[in-house]
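Here the structure of chain A is known, so what remains is to put chain B in place on it, guided by the hints.
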Amino acid sequence: MKSVKKFDYYNLLEKITPLIAVILALLVGAIVIILIGENPVFVYKTLFSNAIGNRDGWGNVLFRATPLIFTGLTVAFAFRCGLFNIGGEGQMYIGTFLATWVGFTFTNLPAFLLIPLCILTAAAGGALWAAIPGILKAKMGVHEVIITIMMNWIASSLTFFLVLKFKAAPTAAMVAAGVKQMIPHTSEIAQAARLPRLYTILKFLNINFPSYNQVNVSFFIAIGAAILAYYILWKTNLGYEIRAVGYSPLAAEYGGISVAKNIILAMMISGAFAGLVGTNEVMGFKYRWRQELFTGLGFNGIAVALLGKNHPLGVVLAAILFGILNYGGAIVNIFTEGRIPRELIMVLQAVIVIFVVISDEVVKRLIRQRRKVV
Amino acid sequence: MFGDIFNAQFVASSIRVAIPLALAGLGGVFSEKSGVINIGLEGMMLTGAFTAVAVTNFAQNPWVGVLAAILVGIFLGLIHAITCITFKANQIVSGVAINLFASGITVFFSWLLFGETQIMAKTNLPIWGLSVPNIGEGSAFARSMITIFAHHSPLVYLTIIIFALSHIILFKTPFGLRLRSVGEYPQAADTMGVNIVKMRYMAVITSGALAGLAGSFLSLEQAHFFVKEMSGGRGFIALAAMIFGKWTPLGTAGAALLFGFGEALAIRLQGVTAVPVQFINMVPYLLAIFVLVSAIGRATPPAADGVPYEKEIG
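Keeping their order, the protein sequence lines are chains A and B. Taking numbering that gives the first Met the number 0, the leading residue of the first sequence gets 0, the next gets one more, and so forth. Taking numbering that gives the first Met the number 0, the leading residue of the second sequence gets 0, the next gets one more, and so forth.
Same shape as in the complex, but just chain B:
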């Protein structure tokens, strides 16, 4: 039974499940590194998931759907930025409002445009990479390697590129240094001539774009449909991944893979064990709580995380 569960397909599906968590978590990294908490990732993801399927079906082209999901994420990110940065409102409240808004607007348009709350995606993105050889052709090792590394949706490769780039941008460029300084000690950054408002806007909008992309992967690639509330807390699990990953892109990716592993395991265990499916469904959420508790004392958020910047003070 062990071998039936932990095989190459399992690893590949762990990666697929981890992608939306990783992308949204990376969105959290950008936003919080600049000092803005983004609880709205969940809603941005949900709206992205809906938009991706809806636009794909109208345009008959999944790429247009993915692009639209990113744009919608940017739009919601902009709303969050205006509320939190320009109006300096409570960031958690603004994020919660975005989540409420997303729950309503996705079902609203889903009724309006399609007359139902579950929409099938008419086309999907292609699979890129090498084709998996049939059993008997080639070695089992090659088959496993191709399944794990080279037989995925283009968005999987895109995610890997995005993570590599994000790591470089955040830690190896002047821009990244400024972004981090804005989240750690904005007063100092301000005296150095860094435009705090501009940096934070860019970071929050980036986080929206990433959450939108995460949503498109969830609906177009993982489920092949949209259904109301399909994000199912993943935006928050992504935040847990971000915390566990110590607010770094690579750490977040690792934590997302851990969650992906947990969720993929939960999916695999359904029907195999005598444990009721409802308890298996709890696994990702229990894992998130466990991870958060164990991250205590090890993970420190950026110093100015969640604090609006007031020029007069200091």
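So that you can see chain A by itself, here it is in the shape it has in the complex:
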């Protein structure tokens, strides 16, 4: 009985390593804040009370968590197949741009057709962009890490070219105000392509929620995507094959599973999640492609996936935590009049990742030693 109890204790420890990592990282952040000459208690209190202390804060947190759920799923899903897809950034660019294009091109379609079409285009764009490194990996054995990074830069250049090609003319108001230079952006997508903001639904339910809050239906798409990822991975044959390839490609091949096919499919599904970022940033928020609107979200997905231990539920929780840090960090930046740059949050995220990785290994070793002793 006693040994069973101890085993459970370590099992629990393994589950909560991300929590330990987050606490350690917040401590590192506190040291940095002290070094800058600010008060960490005040900074963290401002950060958390504004982010989760009221409905508006929660809305903003979920709005920021939404794209991170998508990009976190991107990394987590590919990881289950033993692939390190750090091309979420580029897949997100391509999927989102294509969805935007559909949104401002097929303006005659009704909403019940246009919204699904835009969502599917976003997913397909991401999937196609991810298929290229997938095929190179599956058929030729080229390592996906370098290729996906290169594809990010190519996607960034390509979409920059496209936004200039489809650049919207300055509005009358802009001309009147004498605005000459502006961030390149496309025309707005059709009304029928827009996802409703959450407050319109909450109003219906008689719940008081600020109308300027940007959280929108895309959050539910993200939750749906997480459930879908879980379902595919653990409830379908495809998921079984993908995970088998992830555990051991050789064993999978021996068991009659096509490694190449599963690598390509896993990359495509993974990329589709990244493309869906467009549902939040364009269909639910800006209603147009704006250059550098969401730069970096793809990379932050890596930290989200690692913190969430590459599990869809973990990804959602980690994305919400990063949503809190991002939104709270922006508020802190305003409260301290810029003395605490919001990039502190980026540093915290990286420190979290390093601590997660290290504490994971340490706990794994502890468990292994324990088992040997028992």
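Do not rely on the hints blindly, as some may be mistaken.
Unchecked claim - Distance windows between CB atoms, simulated:
| no. | chain 1 | residue 1 | chain 2 | residue 2 | range |
| --- | --- | --- | --- | --- | --- |
| 1 | A | Trp233 | B | Asn194 | 53 to 61 Å |
| 2 | B | Ile160 | A | Trp233 | 28 to 36 Å |
| 3 | B | Gln269 | A | Lys363 | 47 to 55 Å |
| 4 | A | Phe334 | B | Ile160 | 22 to 30 Å |
| 5 | B | Gly270 | A | Lys363 | 49 to 57 Å |
| 6 | B | Asn60 | A | Trp233 | 57 to 65 Å |
| 7 | A | Glu13 | B | Leu112 | 22 to 30 Å |
Unchecked claim - Derived DSS-like pairs (lysine-lysine); straight-line CA-CA distance at most 27 Å:
| no. | chain 1 | residue 1 | chain 2 | residue 2 |
| --- | --- | --- | --- | --- |
| 8 | A | Lys138 | B | Lys245 |
| 9 | B | Lys121 | A | Lys363 |
| 10 | A | Lys14 | B | Lys245 |
| 11 | A | Lys363 | B | Lys310 |
| 12 | A | Lys308 | B | Lys87 |
| 13 | B | Lys197 | A | Lys166 |
| 14 | B | Lys87 | B | Lys245 |
| 15 | B | Lys87 | B | Lys121 |
| 16 | B | Lys227 | A | Lys285 |
| 17 | B | Lys197 | A | Lys363 |
| 18 | B | Lys87 | A | Lys371 |
| 19 | B | Lys227 | A | Lys371 |
No lab work stands behind these hints: they were computed from the structure. Computed from a prediction, not measured in an experiment: that's the story for all the values here. C-beta: ideal position from N, C-alpha, C; glycine also.
Frame of chain A; chain B shown alone:
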């Protein structure tokens, strides 16, 4: 038009563009020869680029800036080494974390210290070598030769020395033999009394130092400023150069020159051709993919590359 593009200045600028790729790629060679994958080169380079400009501006001396960039590279290399060698964590994940860390910390300090994300370098390193004669004085051949070989930043000559030394260290000394054995077959090296942990730490720290130096060249010498995310994937292109160069210093230098040529060509073509600048900007990345695909089957990594050493096993 052909002569306008492919002249001595073009060759010289290819060399300049190749230097950061070559140095970071050499860092990759040291690290991977010892068995540790270093995806963090990109971040080490970026941090080096920032540190070089920031310290140069505070110290009013570019040499101090270069030294600081190397030290920062060593520091990040140490973090990577601790995570990968001591804690035996996933090496790719650790490298990615270093890249995330670098993106954040450089912009963080850039806001904190300068209040903006683009910082001009106040002073630059001198040009060493012979002065290029004016047109009309001396022969065109002499002018070309001086432009290509003898009119550069001191870091260019330093890079050449570093490469020569690295080749000798890796392939002509007992130390190099031990380092390579640690990356090929650590169990055998261990039985021969080679300290695996120590060798790998040294190699990863060296790779950090080289990536930091590469970053200082990028900001101080190539751009004369720092701007956020200025490394622009060069750490990864350097890894592609390393693979194409079959994990050897001289091969990596050759591959880096090829990339330098491609990037310099892309810079030259801007405004000359009708091709949109965004497509020209893709050239280095497309070239890297092409090179990686063509290296398949020809380039074999060290056998224990990316595998943490477990003493119990075997």
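### Message
To test your reading of the hints: which numbers does this structure violate?
### Response
1, 2, 4, 7, 9, 10, 13, 15 and 19
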